[in-house]
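Chemist: Here is how the chains run, residue by residue.
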Amino acid sequence: CTSLFSDITNAKMTEREERRFAEVPRESIKLMAESTGVELSEEVATLLAEDVCYRLREATQNSSQFMRHAKRRKLSVEDFNRALRWSNTETVCGYGAQDALPFRPLKEGELFFVEDREINLVELALATNIPKGCAETMVRVHVSYLDGKGNLEPQGTVPTAVQSLSEDLLKYYQQITRAILGEDPHLMKVALLDLQSNSKIAALLPYFVYVISGVKSVSHDLDQLNRLLHMVKSLVQNPYLYLGSYVRSLVSSVMYCILEPLAASINPLNDHWTLRDYAALLLSHIFWTHGDLVSGLYHQILLSLQKVLSDPVRPLCSHYGAVVGLHALGWKAVERVLYPHLPAYWANLQAVLDDYSVSNAQVKADGHKVYGAILVAVERLLKMKALSLTLAAEGGCAGLPGTATGAVGFRENSLGLSPPPEPLSEPPLGIASHLQAGGAGCPWEEWTPVSLPAMYCELYSFFGDSLAVRFSTDPPLGGAPPSGSRQPLEGRKEPASGAPNLENTRKMPQLTASMNISPRQDGSPCMEPQPPSLAATVPGRSLARSSSSSSVSRSRSSSSRPGRSTSQSRDIFPKARFPLPQVGPPAFSFIIGGRQMGRRCQGRRFQTSFTPTPPLTTLPPRAYAHKLPVIGRVSKPVRRWTCSHYSLHLPL
Amino acid sequence: IIRQKIPKKKKTYYAAHVMTPLLSAPGKKMAAVQDAPMELDAEKETKPEILSDGTSNLSGNTASGTLSSPPLTAGGAPKQEDQQTLIAVLQFLRRNKLTESVEILRREACLEDQEDSQTLDGSGGGKGDGDGGDANSLLSRVSIASAAAPQSTLTPIPVKSEYDQPDVSVVLSAYSQQGDPSLYQVYYSSLKNFIESVLDCHRAELSQLFYPLFVHMYLELVYNNHENKAKAFFEKFSGDQECYYQDDLRILCGLTKKEHLKGNEALLDFRTSRFVLRISRDSYQLLKRHLQERHNNQIWNIIQEHLYIDIFDGMPRSKSQIDSMSGSFAGETRREVNKAKVFYGLLKEPEIEVPLDDEDDEAENEEGKPKKKKTKKDSMGSKSKKQDPNAPQQNRIPLPELKDSDKLDKIMYMKESTKRIRLGPENLPSICFYSFLNAYQGLTAVDFTDDSSLLAGGFADSTVRVWSATPKKLRKVKSAAELNLIDKESDDVLERIMDEKTASESKNLYGHSGPVYGVSFSPDRNYLLSSSEDGTVRLWSLQTFTCLVGYKGHNYPVWDTHFSPFGYYFVSGGHDRVARLWATDHYQPLRIFAGHLADVTCTRFHPNSNYVVTGSTDRTIRLWDVLNGNCVRFFTGHKGPIHSLAFSPNGKFLASGSTDGRVLLWDIGHGLMIGELKGHTDTIYALKFSRDGEILASGSMDNTVRLWDSMKAFDDMETDDFTAATGHIHLPDNSQELLLGMYHSKSTPVTHLHFTRRNLLLAAGAYNSQ
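The listed protein sequences correspond, in order, to chains A and B. Positions 1 to 652 (full-length UniProt numbering) are the ones given, in order, by the first sequence. Positions 1 to 770 (full-length UniProt numbering) are the ones given, in order, by the second sequence.
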C-alpha cells in the first residue's frame with residue numbers, strides 16, 4: 001500500500017494548479033507497463049492514468065470513513081486497505097505501520113520513495129533491551145473535575161511494560177550487584193543480608209533475576225556461581241518480594257548449576273560437587289516456599305531431572321546433580337523418578353566403577369560420587385517410606401493400610417521433609433503420564449507404589465550391606481534425640497575430630513576397600529567398631545556423621561522426624577546378611593556390593609567380602625589420593641550450607 | 001542505482017493491481033454503453049441486469065418513498081413506471097427460477113392493484129419477504145401484560161424498502177436529453193447574473209439553486225462525455241458554492257468520466273432523490289418569470305426533474321435561516337414530512353410495590369421513612385398517575401415483561417435517584433475520566449451500563465473488552481458439569497453458579513474479524529452488543545463471556561448499534577445505508593429503515609422504545625417509527641457526517657453532534673431545530689443529557705468535554721404554532737451563553753459520556769501519548 005501512496009506522491013502535480021490533488025502522469029503508467037513488459041500506446045496510457053487517478057481518489061475518499069469511525073485523525077494504511085477490500089479490489093500485500101513512513105527525495109532526479117529500511121531480525125531477536133509498548137491495555141479512573149473545578153492531583157504516569165527505575169533504586173541495584181559479585185566477602189555478606197530483608201526492592205526484582213540468569217556465562221567460575229546462588233537464596237528469603245513468574249527463571253538458573261556439566265568441573269580441583277549440593281538444597285527451598293507460584297513447576301523439575309538421569313551421554317557430574325536434586329525434592333521424588341530408573345542406570349554406573357584403568361580414575365571417582373549420592377537418597381527414601389507406613393498404621397487411619405493407599409496415602413501421612421505439600425495436587429496418574437511424555441525409560445504408567453520390603457530387597461541387591469549398614473547405624477528412627485541436644489554435642493566434639501575427619505572423608509569419596517581403613521585406622525576418635533546392631537552408641541555415631549564437616553540438613557531432617565518409637569518399621573529392614581563381625585575391632589569385613597544374582601546386571605565382582613587386611617586394596621586409594629588429592633576439597637573454609645551429607649562416608 | 005530500482009519494482013507491482021479491476025470492468029461497461037440507446041425501447045430487457053448489479057443496495061436508496069405520502073408531481077406516471085418495474089422484476093425472478101419470490105411478489109402486486117398507490121411499497125416485499133410477516137408474528141410473541149389490546153401486535157406492514165428505481169441506467173438515461181453542451185456555461189452564468197441582480201431578500205433564497213443546478217449540470221456534461229467542457233464548467237463555477245459543500249465538490253471534481261458515474265452510489269442517490277429547496281412564493285415567481293423570459297429551458301428542465309421546490313407563502317427567509325437548515329446531501333426537509341404525529345412522551349412506569357425489605361432497611365430511621373416514600377412518589381408518581389398525552393400507548397410496541405431482577409433494578413434505580421444531585425448552571429457535575437491506557441490497538445467505541453458498574457470497550461483489533469468499574473470482579477458461570485453439582489434450592493444459588501476461579505477485573509471477547517465500531521450494553525446488564533467492520537452484530541453473554549449470536553444482514557461495516565431501553569430490541573446501522581431493527585431472539589431483522597443517502601453512522605433508541613433515530617454521512621438525521629417503519633422526522637442542518645445522537649430523558653428533544661463540531665438541538669414534537677451549540681473544534685463523538693435533562697455534555701476529538709445549559713436552550717426557543725407551521729426558525733447565536741464549562745482532558749479524545757444515576761459525569765477515551 002505504501003507503494004500506492006508513493007506513486008501518488010511520485011506523480012508530478014498537474015500543471016493546472018486549481019486541481020488540488022495529485023495525478024499519476026501517463027509517463028509513470030508507461031514506465032510501469034514497460035517494467036512488466038507491456039507496450040502501451042500514448043492514448044491507452046492517458047486513459048489508464050486518468051482511471052488510476054480516479055480509483056485512487058475514490059479509495060482514499062472511502063478510506064476516510066474508516067478513519068472517522070475508528071475515531072482517529074490520521075489516515076492509516078489499514079484504512080486504505082479496508083476501503084480497497086470493500087470495493088472488491090485486491091488489496092496490496094504487506095503491513096502498515098502505526099507511524100507515518102517518511103518520504104525521501106532522491107537528489108538526482110525527481111524521485112521520491114518511502115524510507116523502508118531493512119530490519120536485521122537476528123539483531124532484533126538478540127537485542128537485550130526489552131521492547132517497550134507491549135503493556136496491557138487498562139482503564140484508569142481519575143476525578144478530573146470536582147464540582148467544575150479541575151483536580152490538580154496528578155494523574156500518575158502511564159504504566160508501561162518496562163517501568164523506569166528511580167535514581168535511588170538504580171544506585172542500590174548497582175551497589176548490591178557490585179558487592180555481591182565483588183571481591184570483598186564482608187561486603188557480600190552485608191549485601192546479601194540486605195537483599196534478604198529489604199522491603200523496597202520489588203521493582204528491581206526483574207533486574208536481579210536477569211543478573212542471576214547470567215549463571216550460564218560464568219559457568220567457569222565456581223566462586224561467581226556460588227555468589228549468584230546466594231543471591232537467589234536472599235531473594236527467595238526476602239519476605240517482601242513476590243516472585244511470581246520469576247520463580248521459573250530462578251529455578252532454571254539453579255537447575256543450571258545442578259545439572260549442567262559446568263566448565264568449572266573440567267578441572268577436578270574445583271569443588272563443583274559442593275556447588276551442586278548447595279544448588280539442590282536451594283532448589284528444594286525455592287520449591288517448598290514458592291512452588292505454588294508456578295503451576296506444574298514440580299513436574300517440570302522432575303522431568304528435567306529425569307531427562308538428565310536417563311541420558312547416558314551426560315557426564316557423571318550431571319547425573320550426580322540429578323540425583324542430588326531428586327533427593328532434595330523429597331523422598332517421593334526419589335521414589336518416583338530415581339528408584340524406577342535405578343536398574344537401568346545401574347549398568348552404566350557399574351561399568352564405570354568396575355573400570356580400574358588409570359585413565360578412568362577420574363571418571364571412576366565421579367562414579368563413586370554418584371553412587372554415594374544414590375545411596376543417600378535411597379536411604380532416606382526407605383526411611384521416610386517406613387515412617388509414613390508406620391504413621392499410616394498407627395495414626396488411626398484404619399482405612400489407609402500403608403502401601404496399598406498409594407501416593408495419596410503417603411502424601412497425607414508424610415511429614416517433615418518428604419512430600420511437597422501441595423504441588424502434587426494433581427492426580428498421580430497425571431504426573432506419571434506427564435513424565436512419560438518426556439521420554440522416560442521406565443514404565444511410568446504402570447507405576448505403583450512398591451511395597452517397602454520389596455523396595456528394600458531390590459535396593460539391597462544393588463547396594464548390599466552398604467545400605468543395610470547405614471540403616472543399622474543410623475539413629476533408631478524414633479529414638480533420635482532432638483537436634484537441639486545433638487548439635488552442641490557435635491559442636492563440642494568437632495574441634496577434636498573435625499580436621500582429621502574432614503581429611504578422611506575427602507580422601508575417600510569412593511566406596512572402595514580403602515573404606516575400611518577409614519576413621520578407625522586413622523586414629524579418629526571413634527575407634528571402636530560399630531557393628532550394625534549397636535544402635536545405642538549414639539554419640540559416636542553422631543560424631544562420625546558430623547565429621548562430614550556440617551550436617552545442617554542432616555540434623556534438620558532428623559529433627560523433623562517424629563519422636564515416635566517405630567520399632568515396627570525397623571523390623572522391616574533385615575539386618576546385614578552376614579554374621580556380625582565378632583573378630584574384634586580391627587578385623588571385620590562386610591559386603592559392600594549387593595548380591596545381584598537375579599538381576600540383569602552383573603554383580604560387582606570386586607565387591608565381595610574381604611578381610612580388613614587387604615594389601616591390594618590399600619593401594620588404589622592411595623593412587624587416587626595421589627592423583628586426586630583434593631577431590632571435593634574447597635579452597636575456602638567450609639560454609640554452613642555445604643552439606644557434604646551426600647559425599648559418601650561410611651561411618652564404620 | 002539501487003534506490004532507483006526499488007521504487008521501480010514497486011511501481012510494477014502496483015500497476016499490476018490497479019489494472020486488474022480495469023481489465024475486468026470493460027465487459028460490463030461495454031454492455032452498459034450498448035444498452036444505453038436501447039433503453040428507451042427495451043427497458044424491460046435491461047432491468048434484470050440492473051437488478052443484479054444493484055443487489056447490494058436492494059434495500060433502496062431513495063428518500064422520497066420512505067416518507068409516508070410522497071408528493072407526486074405527475075399523478076399516474078410513477079405508478080405506471082412502477083408497474084413496469086414490477087414486470088421486469090418478475091421476469092428477472094422467473095429467469096432465475098426464484099419461483100417462491102415470484103409468487104410472493106405477485107400476491108403483493110395484486111394487493112397493490114386493488115389498493116391505493118400508497119401501498120406501492122409492498123412491491124418491496126418481494127425482497128424482504130419473510131421479514132414483514134415474520135416480524136409481525138414474533139412481535140406478537142413477546143408476552144405483554146394485556147394481550148387483549150388490539151394494537152398490541154403490529155399490523156402487517158412490510159419492511160420499508162423503496163423500489164422506485166434504483167436502476168442505474170434508467171437514472172442516468174435521464175441525462176441524455178441535453179442541450180448544447182457549450183451553452184451550459186452561458187445558461188448557468190445568466191442565471192447567476194439574474195440571482196445576483198435580484199433584491200437582497202430574494203437573493204439568499206434563490207442562491208440555494210446554485211448548488212443543485214451546478215451539480216446536475218456538471219453531471220450531465222460528464223454523462224454525455226463532454227469531459228473538457230465539464231472540467232471547464234467545474235473550474236468556472238465551483239468557487240461560487242457554499243463552503244459546506246466542499247466535501248461533495250471534492251468528490252465531483254475527480255469524476256470526469258461516464259464510467260466513474262456508474263460506480264458512485266452517492267451521486268446516483270443525488271440523482272435519484274430530488275434535491276429539496278424551500279423558497280417563498282415571491283422568490284419562486286421571480287425565478288419562474290426569469291426563466292420563461294429567457295427561454296432558459298435547460299435550467300427549467302433540471303428544476304422540474306431533479307429539484308423539489310417547496311413553496312411557502314410569506315416572507316422570504318434570511319441567509320442565516322437558510323444556512324442553518326441547508327447543508328445536507330439532499331437539500332432541506334419538506335415541510336410536510338415532519339408533520340406526522342410523534343409520540344415522544346415516556347411510557348408509564350410500571351407499578352412496583354415498594355418492597356417491604358426496603359423499608360426494613362430504613363426501619364431504624366423513623367424520620368427518613370415517610371420522607372423517602374414521599375420522594376419516591378414524587379419522582380415516580382407524576383409519571384405513573386396520569387398518562388402523558390404525548391406518550392404512545394403502553395403496548396404500541398410489544399415490550400418484554402419485567403422480570404424480578406428488572407424490578408429489583410428499578411428499585412435500585414429509584415433509591416439511587418433520590419440521592420441524585422440536582423444539576424444546573426450553578427451546580428455543575430463532577431467529571432470522572434476513564435482513561436484507556438496502552439490502547440495501542442485503537443479504541444473505537446465505549447459504553448457504560450446504566451448503573452455504571454460495567455464498562456465495555458471496542459477496539460480496532462477486533463476485540464471487545466469488558467471491565468468492571470466497581471471492585472466486584474467479573475466472573476463466569478460455571479460449566480454445565482459443575483452446575484449439576486450445585487444445590488439448586490439454596491438461597492444463594494445465583495452466587496453459587498459463579499466460578500470464583502475466573503474472577504478478574506476485565507474480560508476479553510474475541511469473535512469479530514474487523515474493528516469493532518459500536519458497543520452497547522443491554523439494560524439488564526446480561527448482554528453486550530458489538531458491531532463491527534466484518535458486517536456482523538454480535539450478542540455476547542456477560543454471564544459466560546461468550547458470543548451467543550452473530551446477526552448477519554448488513555453485509556457491510558456496521559457502524560453503530562444500540563439496545564432498546566427495555567431490552568430485547570436493538571438497532572444497527574451501517575455502510576449499506578440502512579438501519580435495521582432486530583430482536584435478540586431473531587436472526588433476521590424485524591424492520592429495515594431505508595432512506596438515508598449515505599452510511600448510517602449512528603443509531604439510538606428513543607427512551608420510550610417506539611422510535612429509532614439515525615444519523616448519517618449524508619448529513620441528515622431521521623427518526624423512524626418502530627411500529628410501521630415510517631420515517632417520521634427528517635432533520636437537516638448539519639454540515640458534516642453525524643457521529644453522535646442523544647435523546648433528552650423526557651424524550652422531547654434530540655441532540656446531534658457531527659464532524660463540523662456543532663451540536664444541534666431538535667424539538668421532536670414540532671420537528672424543528674431549536675438550538676445550535678458552537679464551540680467544539682473537532683468531531684463530536686459523545687453526547688449525553690444529565691439524568692434530569694438540565695445539562696447536556698458533549699465530548700469531542702478536540703480533547704474537551706463541554707457542558708451546555710440545555711434547560712435554557714429549550715426554554716429560550718418559543719416553539720409557537722407559527723414557527724411550527726412554517727418551519728422558519730430564528731436561532732439566536734447564544735452558544736457562549738449556553739456553554740457552562742469546558743473541560744480539557746490530557747490528550748485524550750472523548751469517546752463516550754455517561755451520567756451516573758446520581759448525576760456524576762463519566763467520560764471515557766483512550767489516552768494518546770504522542
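Check before you lean on any hint, since a few could be wrong.
Over 10 Å on every C-beta distance to chain B, these chain A residues come out as not near it, computed from the model [as the list claims (entries may be wrong)]:
| hint | residue |
| --- | --- |
| 1 | Glu50 |
| 2 | Glu58 |
| 3 | Gln61 |
| 4 | His69 |
| 5 | Ala70 |
| 6 | Glu123 |
| 7 | Val139 |
| 8 | Leu170 |
| 9 | Gly244 |
| 10 | Trp288 |
| 11 | Pro312 |
| 12 | Gln362 |
Keeping only pairs whose Cα atoms sit at most 30 Å apart, straight-line, the calculated DSSO-like set for lysine-lysine is [unchecked claim]:
| hint | chain 1 | residue 1 | chain 2 | residue 2 |
| --- | --- | --- | --- | --- |
| 13 | B | Lys258 | A | Lys30 |
| 14 | A | Lys74 | B | Lys678 |
| 15 | B | Lys257 | A | Lys30 |
| 16 | B | Lys419 | A | Lys74 |
| 17 | B | Lys507 | A | Lys74 |
| 18 | A | Lys149 | B | Lys712 |
| 19 | B | Lys473 | A | Lys200 |
| 20 | A | Lys149 | B | Lys257 |
| 21 | B | Lys229 | A | Lys30 |
| 22 | A | Lys30 | B | Lys262 |
Keep in mind that the hints were calculated from the coordinates and are not lab data. Using N, Cα and C, we set each Cβ at its ideal position, and we do this for glycine too.
Chemist: Taking each numbered hint in turn, which are not upheld by the structure, reported in ascending numerical order?
Modeler: Hints 1, 2, 3, 4, 5, 7, 16 and 20 are the ones this structure does not satisfy, whereas the remaining hints hold.
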